[in-house]
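Novice: Take a look at the letters that make up each chain.
There are 2 protein chains.
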Amino acid sequence: MDNKALFRLSYGVFMLSTKAGDKINGCITDTCIQVANTPTRVAISLINTNYTCSLLKESGLFCLSVLDEAATFDIISHWGLQSGRNVDKFDGMNLPMDPNGIPYLSSSTCAVISCKVVEQVDLGTHTLFIAEVLDAKVTSDRNPLLYADYQKRIKPDSQTQKTQRKIKGWKCRICGYIYEGPDIPKDFLCPLCGHTREDFEPVYED
Amino acid sequence: MDNKALFRLSYGVFMLSTKAGDKINGCITDTCIQVANTPTRVAISLINTNYTCSLLKESGLFCLSVLDEAATFDIISHWGLQSGRNVDKFDGMNLPMDPNGIPYLSSSTCAVISCKVVEQVDLGTHTLFIAEVLDAKVTSDRNPLLYADYQKRIKPDSQTQKTQRKIKGWKCRICGYIYEGPDIPKDFLCPLCGHTREDFEPVYED
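Sequence order for the protein chains is S and B.
Count the first sequence with our numbering and you get residues 724 to 929, in order.
Count the second sequence with our numbering and you get residues 724 to 929, in order.
Any given hint could be a false lead.
What the hints assert, rightly or not - Calculated cross-link-like contacts (lysine-lysine; reagent style BS3-like; alpha-carbon spacing at most 27 Å): (1) B:K727 x B:K839; (2) S:K860 x B:K878; (3) S:K909 x B:K891; (4) S:K878 x S:K894; (5) B:K909 x S:K860; (6) B:K889 x S:K875; (7) S:K875 x S:K839; (8) B:K746 x S:K727; (9) B:K891 x S:K875; (10) B:K860 x S:K727; (11) S:K878 x S:K889; (12) S:K839 x S:K727; (13) B:K891 x B:K875; (14) S:K860 x B:K860; (15) S:K889 x S:K909; (16) S:K839 x B:K727; (17) S:K894 x S:K746; (18) B:K889 x B:K878; (19) B:K889 x S:K860.
Claimed, not checked - Residues from chain S that face chain B, not an exhaustive set, calculated with beta carbons under 10 Å: (20) K727; (21) L732; (22) I799; (23) G803; (24) G807; (25) T832; (26) V840; (27) T850; (28) D858; (29) C916.
In short, the hints are calculated from the structure, not lab data.
Glycine included, every Cβ here is placed at the ideal spot set by N, Cα and C.
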């Protein structure tokens, strides 16, 4: 089986935020599809080791900020490349709230979708959440950001950086796991989330 | 709720084929996401009134041909805009078979993914199929076709045709339901699949 074939599926890029009691977090995900009408329902999949996933299981409510072409690496890095277990990602952000009181991104997004989970399917590494759409609005006329465009256009070119700085490890973009050392085996699988070598990015020496 | 916000989710375009006993069919769908690893699993959603959906419930096996940028309106029209209840879409096609004996498209596709359904979730209008990937291969270096590109670039421009020919009805692109008459109400919902006016395309007089 050639795993690269799976990379030919197309995805958007979203900031998913949720709030359970006084705990709040947001993460970057690329899996969201509409799966039914009357009522409108969507499905998203989150990795079980992800802090937002744990909070969502508790809260059952989330807001999806659909990133658009204006999104920068800083935005994706802030929400996607650090864990809410260590950092309060909302600190000093002063974001607007959706009707459920969940903050969302009002800039660099083309739509905001508020959802209530109606079913959870445990898939081992991930949980699939099926959710009813409670509210949705368009926030810009720009095109949605595609995951493929993020890879091509927004993600810093690790080849350029490689020549300038020394690599001290590799970080899993999906769950944040760090592989210590400059040489990561080609067939390495993340011990936390099972993603392949392609999902790791270099960590440079300061 | 502004339904247009849901159009900001990004999708690819796929031909999904399945075979149950001597019955065979294929349809166009735009919903497929990878939802888990180890084993690799995907999720797709099909409308319950769709003939392929009925066959898939019976067979539990499907093959996904991931359409690429070379795909034409003829391909999408053949697989997506007629029902396998009335036409044998595979007649005279002589397509290659995947390891499960299910035919797939070898041209205008960038990947082929063979799957076995492991769970079905009934969502009223639709069924969500969660499936394990049994086999996958890359079939071209072209980019996958995006549903947004299909709408912009491949779908015939109904505005141009409108000025030349008289509209006699409106056809639901999702399930094929025909609304008789030139003027379809703006808030019309398809009585078969529940999709909105935006999913209807004009049917012209000959």
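Novice: Would you mind marking each hint as holding or not holding in the structure?
Specialist: Evaluation of the provided hints:
As the CA atoms of B:K727 and B:K839 are separated by approximately 33 Å, the hinted pair breaks the 27 Å bound. Between the alpha carbons of S:K860 and B:K878 the distance comes to roughly 26 Å, so the proposed pair stays at or under 27 Å and holds. Restraint check for S:K909 and B:K891: the C-alpha separation of about 59 Å exceeds 27 Å, so the hint is violated. Distance check on the hinted pair: S:K878 and S:K894 sit about 14 Å apart at the alpha-carbon level, within 27 Å; holds.
Taken as a hint, the B:K909 and S:K860 pair is honoured in the structure, with Cα atoms around 19 Å apart against an allowance of 27 Å. The hinted pair formed by B:K889 and S:K875 fails the criterion: a straight-line CA distance of about 44 Å is larger than 27 Å. Between the alpha carbons of S:K875 and S:K839 the distance comes to roughly 33 Å, so the proposed pair goes past 27 Å and is violated. For the hint linking B:K746 to S:K727, the alpha-carbon distance of about 31 Å lies beyond 27 Å, and the restraint is violated.
With a C-alpha separation of about 45 Å, the suggested pair B:K891 and S:K875 falls outside the 27 Å cut-off, and the hint is violated. Note on B:K860 and S:K727: the hinted pairing holds, with a Cα-Cα distance of about 8 Å set against a maximum of 27 Å. Taking the CA atoms of S:K878 and S:K889, the gap is about 19 Å. The hint holds against a cut of 27 Å. A threshold of 27 Å between alpha carbons decides the hint, and for S:K839 with S:K727 the separation of about 33 Å lies outside it, so the pair is violated.
Distance hint between B:K891 and B:K875 is fulfilled; the C-alpha atoms sit about 24 Å from each other, no more than 27 Å. Of the pairs offered as hints, the one joining S:K860 and B:K860 is violated, with about 38 Å between alpha carbons and a cut-off of 27 Å exceeded. Proposed proximity of S:K889 and S:K909 is supported: the alpha carbons are some 19 Å apart, at most 27 Å. At roughly 19 Å between alpha-carbon atoms, S:K839 and B:K727 fall within 27 Å of each other, so this suggested pair holds.
Simply put, S:K894 and S:K746 have alpha-carbon atoms about 25 Å apart, close enough for the 27 Å limit, and the pair holds. At most 27 Å may separate the alpha-carbon atoms for a hinted pair to count; B:K889 and B:K878 meet this at roughly 19 Å. The suggested pairing of B:K889 with S:K860 is violated, with an alpha-carbon distance near 34 Å, which exceeds 27 Å. Given the 10 Å rule on beta carbons, the hint for S:K727 holds: about 5 Å separates it from the nearest Cβ of chain B.
Residue-level restraint check for S:L732 holds (minimum Cβ-Cβ distance to chain B is 6 Å; threshold 10 Å). The interface hint given for S:I799 is broken, as the beta carbon of that residue sits about 15 Å from the closest beta carbon of chain B, more than 10 Å. At a threshold of 10 Å, the smallest CB-CB gap from S:G803 to chain B is about 17 Å, leaving the interface hint violated. Interface restraint check for S:G807: the shortest CB-CB distance to chain B comes to about 22 Å, outside 10 Å, so the restraint is violated.
Residue-level restraint check for S:T832 holds (minimum Cβ-Cβ distance to chain B is 9 Å; threshold 10 Å). For S:V840, the shortest C-beta to C-beta distance to chain B is roughly 13 Å, which exceeds 10 Å, and the interface hint is violated. Look at S:T850: its Cβ gets to within about 9 Å of chain B, closer than 10 Å, so that hint holds up. Here the hint on S:D858 is kept, as its CB sits about 6 Å from the closest CB of chain B, short of 10 Å.
Here the hint on S:C916 is kept, as its CB sits about 7 Å from the closest CB of chain B, short of 10 Å.
In this structure, the hints that do not hold are numbers 1, 3, 6, 7, 8, 9, 12, 14, 19, 22, 23, 24 and 26, in rising order.
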